[in-house]
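Q: Sequence:
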Amino acid sequence: MTAEARPRIVYADESGNTGDATRPVNADQPSFCLAAIMEGEEGEFDELGREILRTYQRQRSELKAKTAPPAAYTKLFDVLLERRRPIVVEAVDMELYAIDHVVSFVLHAVPLASGRDIDASERANTFADTLIEAGVNDIVLPPYRAFAKDPREETGRAFVDAMTTALAGAIERHPDRREVLTVMERALRETLEARRSEHAEVEAYWRSFLPPPDETEAANPQTMLPHTSSFSGLCWRLNKLAGGTPFVVRHDEQNEFGPILRATLQQLAAFPRGLAMQLNRSAHGRFQDFVFPPGRAALEFVRSEDTPGVQLADLIAGFVTRRLNTIIRRQELPEWSNEIARSVHEQQPVAIRVMSSTTRAQRFHMTENVWVAGATMA
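Numbering-wise, numbering that gives the first Met the number 0 puts 3 at position 4 of the sequence shown, and it's gapless, one number per residue.
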């Protein structure tokens, strides 16, 4: 194979909360992150990984984000940015992720992981921000998670009752947000009425308020896993960066979620070409390429201890997770972390996509300009 024909090699790894959003958020792991770096010259990440390991983690056999000192993160990002190596990160605030499903499947704003026009994106983001900032999430998420884990009429009604009560209470408590909250209250009523006419069967009616489940290796359906949407976003962005040429994603071994990632790749290849072309002409096409023919990407699972590139991707995921978790906990961000965030945003402003509230995403990037659902928004 000639150098020109060689597929682009991408190393990927994840960090943080690896459960599903139906469970209460773990205070120690309130976020999920999937990170990838695209190799330039063959084998360059092998040497870089060995150099960082020799310098900063001498007592270990492989690089680990949990034990890496700040200097290791700084060194890695300095080299990647200097060499202009593509960095692609999908970071998910798990609380916001669950709220986004409420917005998408209950308030009928937009579906997840598919095309959104910019107006729908702004509406969805405004809804999600308001639900969190008005405290509605504290009342709504527990019954919604219970409903997602056990979707039936009883749990569905409990969720709808909680949502109705929470919105009414928030309208009284937050007059400054009354307009948006009133719109959401109306959207809830309209969705309930519309779904009744669409689904005569009781079970189908209630399941329409939830995303379809993913199948794990153990054939245990799980709803609201962050892996699918994050991997989809990662691949669409890599497709854009690779210029439509084939690429290979080498990911750390995944016993439970590997089949889900493989299935996601197949779904991307089956994405209707007409819709993909339409999305490419929209604001989403600035940073993503939705035309994803079969064979465009391959997925390989490798042992991280044998693959320095995956270890470097783990460091990136670890940095992003550590920074986002600090923001979620409302703690002080160290200056070394801020310096890296500034450098990345200046040179690769859409490298790290943070799915969180607008306020949290802005604090992560240290700017008001953040990329949300395919568009840079102020």
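Keep in mind the hints are simulated off the structure, nothing from the lab.
It should be emphasised that the depicted structure is a prediction, and the values quoted were computed from it without experimental measurement.
Note that the Cβ used here is the ideal one computed from N, Cα and C, for glycine as well.
Heads up, a few of these hints could be off.
Claimed, not checked - Just the calculated beta-carbon pair ranges, DEER-fashion:
1. Asp77 x Arg195: 53 to 59 Å
2. Glu178 x Asn25: 33 to 39 Å
3. Glu331 x Arg302: 20 to 26 Å
4. Gln277 x Glu255: 30 to 36 Å
5. Asn279 x Asp160: 50 to 56 Å
6. Arg83 x Arg285: 15 to 21 Å
7. Glu81 x Arg195: 16 to 22 Å
8. Leu274 x Gly168: 38 to 44 Å
9. Asn25 x Arg261: 45 to 51 Å
10. Arg83 x Asn25: 56 to 62 Å
11. Glu331 x Asp77: 19 to 25 Å
12. Glu197 x Arg285: 31 to 37 Å
13. His198 x Thr244: 39 to 45 Å
Q: Check each numbered hint against the structure and report the violated ones by number, ascending.
A: Failing hints, ascending: 3, 5, 7, 9 and 10.
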